[in-house]
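Colleague: Sequence:
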Amino acid sequence: MSLFNRMETVLKAKMNKIVNRMEDPRETLDYSYEKQLEMLQGVKRGVAEVATSKKRLQLQRSKLMQSIDKLSRQARDAIKSDREDLARLALERKGALEIQVQGLDQQIADLEKEQDKLVAAEKRLSTKVEIFRTKKETIKAQYTAAESQVKINESVSGISEEMADVGLAVERAENKTEDMKARASALDELIETGTLDDITSSGDDIDRELAKISAESNVETELAKLRMEEGK
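So the sequence shown is residues 1 to 232, counted in the numbering used here.
None of these hints come from the bench; they were simulated from the model.
Misleading hints may appear alongside valid ones.
Claimed, not checked - When the alpha-carbon atoms are kept at most 25 Å apart in a straight line, the in silico PhoX-like pairs for lysine-lysine are as follows: (1) 128 with 140; (2) 55 with 128; (3) 128 with 113.
Stated by the list, open to error - Simulated restraints on C-beta separations: (4) 88 with 66: 42 to 52 Å; (5) 39 with 147: 23 to 33 Å; (6) 69 with 106: 18 to 28 Å.
Beta carbons: idealized from backbone N, C-alpha and C, even for Gly.
My request is simple: use the sequences and hints to build the entire structure.
Modeller: Right, dumping it as structure tokens:
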């Protein structure tokens, strides 16, 4: 296979996929049903045309039969009047018309056979079209139901995915909260043990030592005052 043929095959395959995605089977079924109705209407028109043609021939035959009857009477009247020549002429014309009638009878018989065939074909086709219509509506209903189910499942699937994302977000938030609580607890413990200075306390180490010395000096002063008051 040449490169061009391979490319053509690939393109056809891709086009078929695109058509399959775009095609609505309900529309295809309706279109097929319309085509079958058109065929059925065509057969019915054929039946009507054959019946019309047969009727025209029958009318023509009826006129010929009237002429034949008239010629028969004329021949009889001519004989009564001793006009054998006129009788012979009337009978000759009558014979010619009878030949035409025979031809018309054959044509009418052929048209009747054709009409019977078309009527039978119309009945068969009408039955098939009705069966197809019933099956078409059933398939369309099933397809619509399946399509609705797919849409519902897709919606449920979308909600499930969204809820899953929400659940992950909540879980991450809970984990971060627990991490912050653990960190705060650890910091409190370090501050209490003195491992980590409390950033809320004022002063530094020198200030604390000076305050301690001042407190001790005040205590000694108070003790000395009490000794003097007591005479000791």
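Colleague: All hints, please: hold or fail.
Modeller: Comparing the hints with the structure gives:
no.: 1; hint: 128 with 140; in the structure: 18 Å, holds
no.: 2; hint: 55 with 128; in the structure: 30 Å, violated
no.: 3; hint: 128 with 113; in the structure: 23 Å, holds
no.: 4; hint: 88 with 66: 42 to 52 Å; in the structure: 21 Å, violated
no.: 5; hint: 39 with 147: 23 to 33 Å; in the structure: 30 Å, holds
no.: 6; hint: 69 with 106: 18 to 28 Å; in the structure: 21 Å, holds
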